[in-house]
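J.: What follows is each chain in one-letter form.
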Amino acid sequence: MTGVLPPVTAAVGSAQYAWLLVALPAFGALVLLVGGRRTNAWGHLLGCATVLAAFGYGVVLCVEWLGFDASQRSRELGLGTWFAVNSLQVNYGLRLDPLSLTFMLLITGVGGLIHLYAIGYMAHDPGRRRFFGYFNLFVAAMLVLVLSNNFVTLYLGWEGVGLASYLLIGWYQDRPSAATAAKKAFLMNRVGDVGLALAIFLIWRSLGTVQFSEVFARAGQIGGPTLLAITLLLLLGACGKSGQFPLQAWLPDAMEGPTPVSALIHAATMVTAGVYLIARCNPLYDLSAAGRLAVAAVGVITLLIGSIIGCAYDDIKKVLAYSTVSQIGYMILAVGLGPAGYALGIVHLLTHGFFKAVLFLGAGSVMHGMHDEIDMRRMGGLARHLPITFVMFTSGYLALIGFPFLSGYYSKDAIIEAAFGAGGSAGWVFGGIALLAAGLTAFYMTRLMLMTFFGEERWRDLRTAEGQEYHPHESPPVMWVPMVLLAIGSLGAGYVLASGGRLARWLEPSVGPLVPAAAPFPAVVVSLFTVLVSAVGVLLAWLVIGRDPVPVRKPARVSLPVAAARADLYANAINEVLLARPGTWLTRALVFVDNKGVDGVVNGTAALLGGTSGRLRRLQTGFVRSYALGMLGGSIVVIALLLAVSYS
Amino acid sequence: MSAVSPGGALLLAMLLLPLVGAALVAPMRSAPTAARVTGLVFALAELVLAALAWSAYHPGGGRLELTLSTPWIPAFGTRFALGVDGIALVMLALISVLVPIVMGSSWAEKLPEGRTPAGFYALLLALEALLVGVFAATDVFLFYLFFEVMLVPMYFLIGRFGGPRRQYAAVKFFLYSLLGGLVMLASVIGLFVVSAHQLGQGTFDWTALVRIAGSIPQSTQIWLFLGFFIAFAIKAPLVPLHTWLPDAGAEAPVGAGVLLVGVMDKVGIYGFLRYCLPLFPSASRALAPLVLVLAVAGILYGALLAVGQSDMKRFVAYTSVAHFGFIGLGVFAFSTQAQAGAVLYMVNHGISTGMLFIVVGMLMARGGSRLISDYGGVSALAPLLAGMMLLAGLSLLSLPGTNSFVSEFMVLIGSYPRAPVYTILATTGMILAALYVLWFYQRLMQGPVRGAAVVGDLIAGSAGGALEGPGTAMAPDAAAQRQRIRFPDLSIREVVVLAPLVALILLLGLYPQPVLNVINPSVGATLTEVGLSDPVVGQGGS
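Protein chains in written order, with the numbering used here: chain R, 1 to 648; chain P, 1 to 542.
To be clear, the hints were calculated from the coordinates, so they are not data collected in a lab.
Don't take every hint at face value.
To be verified - Derived list of chain P stretches under chain R, where covered just means 3 residues or more per stretch with a C-beta under 8 Å from a C-beta of chain R:
no., stretch
1, 131-140
2, 250-261
Claimed, not checked - Taking lysine to any residue and the SDA-like style, the derived pairs with C-alpha atoms no more than 20 Å apart in a straight line are:
no., chain 1, residue 1, chain 2, residue 2
3, R, Lys-596, P, Gly-308
4, R, Lys-596, P, Asp-311
5, R, Lys-596, P, Lys-110
6, R, Lys-318, R, Leu-569
7, R, Lys-318, R, Val-562
8, P, Lys-110, P, Ser-5
9, R, Lys-554, R, Leu-287
10, R, Lys-318, R, Arg-378
11, R, Lys-596, P, Pro-32
12, R, Lys-596, P, Leu-300
13, R, Lys-318, R, Glu-373
14, R, Lys-554, R, Val-536
15, P, Lys-110, P, Ala-75
16, R, Lys-554, R, Leu-462
17, R, Lys-318, R, Ala-426
Don't be surprised by glycine CBs; every beta carbon is placed ideally from N, CA and C.
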């Protein structure tokens, strides 16, 4: 079942400068963060320039790679030792192959556009220069993550993006909710990181190396139970980073950050790192059917949870966030299907990168024009006031719900089809749920469109928290031009990447050939069904939302499912009951015990030796000081005596 | 009879120079600036000597280098013998880096009434000399002497220059250490007797003792091991012998606290590596599971307690208890990766905890209070200060790219093959570390500007109002100092003090190999002395 990947050779030619890909944004981050206020005037320009320059160089690299034979497209560039002790050798090094190059283009390309957008979005923020510093730091760390040629430097990038995410979620530092959300994101990520770290320990113990090329070539030597443990631990890491069940609760809260952050980090790139990790480790997952099943199951559970909760929120960014959770669920499901799905997951990841980015930037544009309002109940009829944003948002919307021949149509349908092809009851469950969630996706996105852009202009009679009137207006070109480019990607990327299996063939050297799924019925039937289910979702949304005016206050009396969805299906409540509260009690109890108990016992012992504990407390410093001096003096006398004796 | 290598003279100079400095500075009671400057000059000269020693040392040469040995008390076989291996050398480097930084950070410290910088700086220099002696001694009796005498300057630093409960803390510190020292003395004498039995003539020479270590019966080894171990476990400290540290760390003046937690506690770990393991190999192997239990308990226990602290300095002390757990795990997991990681961890912990301690001190110098709840939203007023605290915190939680990651990762991955269960438990400590650091940071730095120590000052500035913080554990002299009208960001001096630490955190995070090259051969030799080799990796495994 396992296809042997082509050997990895040393990078030559212009690829020897591939370290520049990381160095450019890292340099930008360093200058902006160390340079301080002196760089305020041009900081944002430098921030954009480094990322766009990396993108330019990346394009050159990819063109060069297209000229190589498929068997020559996996290359490595060693960059020296990080740390090494005997059999543990950890080196810096880049892995340049179709998978990493694809990610690199996504990160620098979409990242560059979002950087440009942020010039406009953050124009009035006094900390804009620092913002671009963090943004560049993120891009550098993300590139380390995807370009690494071993598990430990991947881990460096992995936690590095976590840091950037932490800093940017907590951007509005004066808001306690932002600080809490940032901390929560970092902690839930750390849970996943522990999984990734333990997987690395196991890999090293089993194979004595952490280098991808060696680990993957010798994956077969790892014993079955160990291999299963490794795949499950890697999955735990992926769950943390990608907001997958059971670690999904941090991602919606992460919307506390500025919207470009949500678009770049919490939609297009960082949160897809889990998908990358599993696709990268395909030689391990190929050998473990149980590991793959666990991955697919996590994906299915998550895509369902995300799409259900997405239907209940009134906060435009939270709806998009749960949509992201759900769409990444599709990707995880795909890579959990093994050789039948690795490439499909990556295709969906790329198309999602485009359309989710444009949706978030569109939401940001709406907020920009609406005094940072996020409650869709206070919007309505905005299509007229933000025409460009509306058109771009609509193209992202159509791409996401899988409108025929747009991006989502190609990438999502293929995953649903492959899920049905998983075989047996698992295939029916996976496929059925993925299909159902496509309908839910259409429902919540249509609801979002209707509440935001159509219907009556509910904001006319409302005031902001500061008592200002709403004056919705279109955003400046520096914001809408990137949206236009991303919208074009949302419309066309699916066709370009998926038709004729173009991207799948390109990825073959990294993830092996795409094995067509043995679906129980022809592809066209799945497509038809998906479109039908989505259409039902759209129709339902119109029936529920579109016909009646939307109340400005959200209805308090709702059915049980709606209440549950509004409460994130109780994920936070469960965390609270199972972890937070017992943890607080435990901590308090331990502090008490440590102050009274442990200290008391040890003090008591000391007191037994030196008198009662009351006397211990009443010991005057003078006494102990003389004791100390006495000891010093005594030692000197003893030594002097010894010397005198020995030399006499 | 006497043998002095050129490098040995260097070590002797490192031992004597700070003593000379201390003797010069101590009388300058009426000239505080001169005292500070002289102290700093001597500390910087010591740093130069350390750099020379570093370049004179050849990793992988002899077991001990830069040796010096001269008869001292022939009747007892005691020699005045100095020398270092890679482990001791990096500790010497750490001390000589930290002392000038500590002096810089204490430059403007408000001292308790009647105390002068002359006394403070002289004690710092004396402490530095004695710490050099502890790490450089290669005669067990000489080591014991330094081990005991180094308590004296630290005792005075805490007891004379510390916070409101300084006397209680100093006494507690002293009694704990003294108790450990007495137990160790018994073992030192026992070792002498045993060596007399084995060699016909007793000796305290470390090299000679290592040579006979294998032939000492295990039951004897265990008793002698325990004597050393208890002293070192108090010093390190391992749970449950840690309770003196939060008190001492909290009441010590910041500069002394940095050296206490950053360097002096490492003497305990260093003692494990230099004395417990090579001198009592079979006892070490037999008792390792016990130590691993204490280490892992310390990681989790220290972390949970750190979460629950309301006092910034006690917080730092408890995070150290957790980190010493990691180091203990690395030492007793018996692989070169874990032990090299543990040694590097000692250095890294000194740097990052030292930096956190110093930043906390800077915060206290502004707000006057040690309580976390007296602060809030400081990043809006002093962003640079907040950034420095965040960086120190990130290093504390072992973020990759900072120094601590490399050492923690090495400890964990190196411990895994021999002690998987302990390693898994220890690894979950990573989550708790993120929790205590980020929550600490959030309460102090994020959210709206609030807290008596922050807002109190602002109000005092505008309205001249008297505002007493609720339950503020404030030193009277610090409270008197709260007449300022704002909460300023870092001064140039403070930036200069922190800059080397920032540079070291990043440098050792991204390029630690030069330091590892010094550590690795000595760690390998230590493991051989224990009679073990690295666990075999790369055999697939089931």
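J.: Each of the hints needs a verdict: does it hold here or not?
T.: These are the hints, each one checked on the structure:
Residues of the stretch 131-140 of chain P lying with their CB closer than 8 Å to a CB of chain R number 0, which falls below the three-residue condition for coverage. With a threshold of 8 Å between beta carbons, the proposed coverage of the stretch 250-261 of chain P by chain R is violated, since 0 of its residues qualify and at least three are required. Note on Lys-596/R and Gly-308/P: the hinted pairing holds, with a Cα-Cα distance of about 15 Å set against a maximum of 20 Å. For a cut-off of 20 Å, the pair hint linking Lys-596/R to Asp-311/P stands: about 17 Å separates their Cα positions.
Pair hint Lys-596/R plus Lys-110/P does not hold up; C-alpha atoms about 32 Å apart against a cutoff of 20 Å. For the suggested pair Lys-318/R and Leu-569/R, the alpha carbons sit about 14 Å apart, so the restraint of at most 20 Å is met. About 15 Å separates the Cα atoms of Lys-318/R and Val-562/R, which keeps this hinted pair within 20 Å; it holds. Only pairs whose Cα atoms come within 20 Å are accepted, and Lys-110/P paired with Ser-5/P is rejected, the gap being roughly 44 Å.
With a C-alpha separation of about 50 Å, the suggested pairing of Lys-554/R with Leu-287/R is violated against the 20 Å cut-off. For a cut-off of 20 Å, the pair hint linking Lys-318/R to Arg-378/R stands: about 15 Å separates their Cα positions. Between the alpha carbons of Lys-596/R and Pro-32/P the distance comes to roughly 42 Å, so the proposed pair goes past 20 Å and is violated. Proposed proximity of Lys-596/R and Leu-300/P is supported: the alpha carbons are some 19 Å apart, at most 20 Å.
Of the supplied pair hints, the one linking Lys-318/R and Glu-373/R holds, its CA atoms being roughly 13 Å apart against a limit of 20 Å. About 24 Å separates the Cα atoms of Lys-554/R and Val-536/R, which puts this hinted pair outside 20 Å; it is violated. At most 20 Å may separate the alpha-carbon atoms for a hinted pair to count; Lys-110/P and Ala-75/P exceed this at roughly 49 Å. With a C-alpha separation of about 15 Å, the suggested pairing of Lys-554/R with Leu-462/R holds against the 20 Å cut-off.
Simply put, Lys-318/R and Ala-426/R have alpha-carbon atoms about 31 Å apart, too far for the 20 Å limit, and the pair is violated.
Hints 1, 2, 5, 8, 9, 11, 14, 15, 17, counting from the list given before, are not met by this structure.
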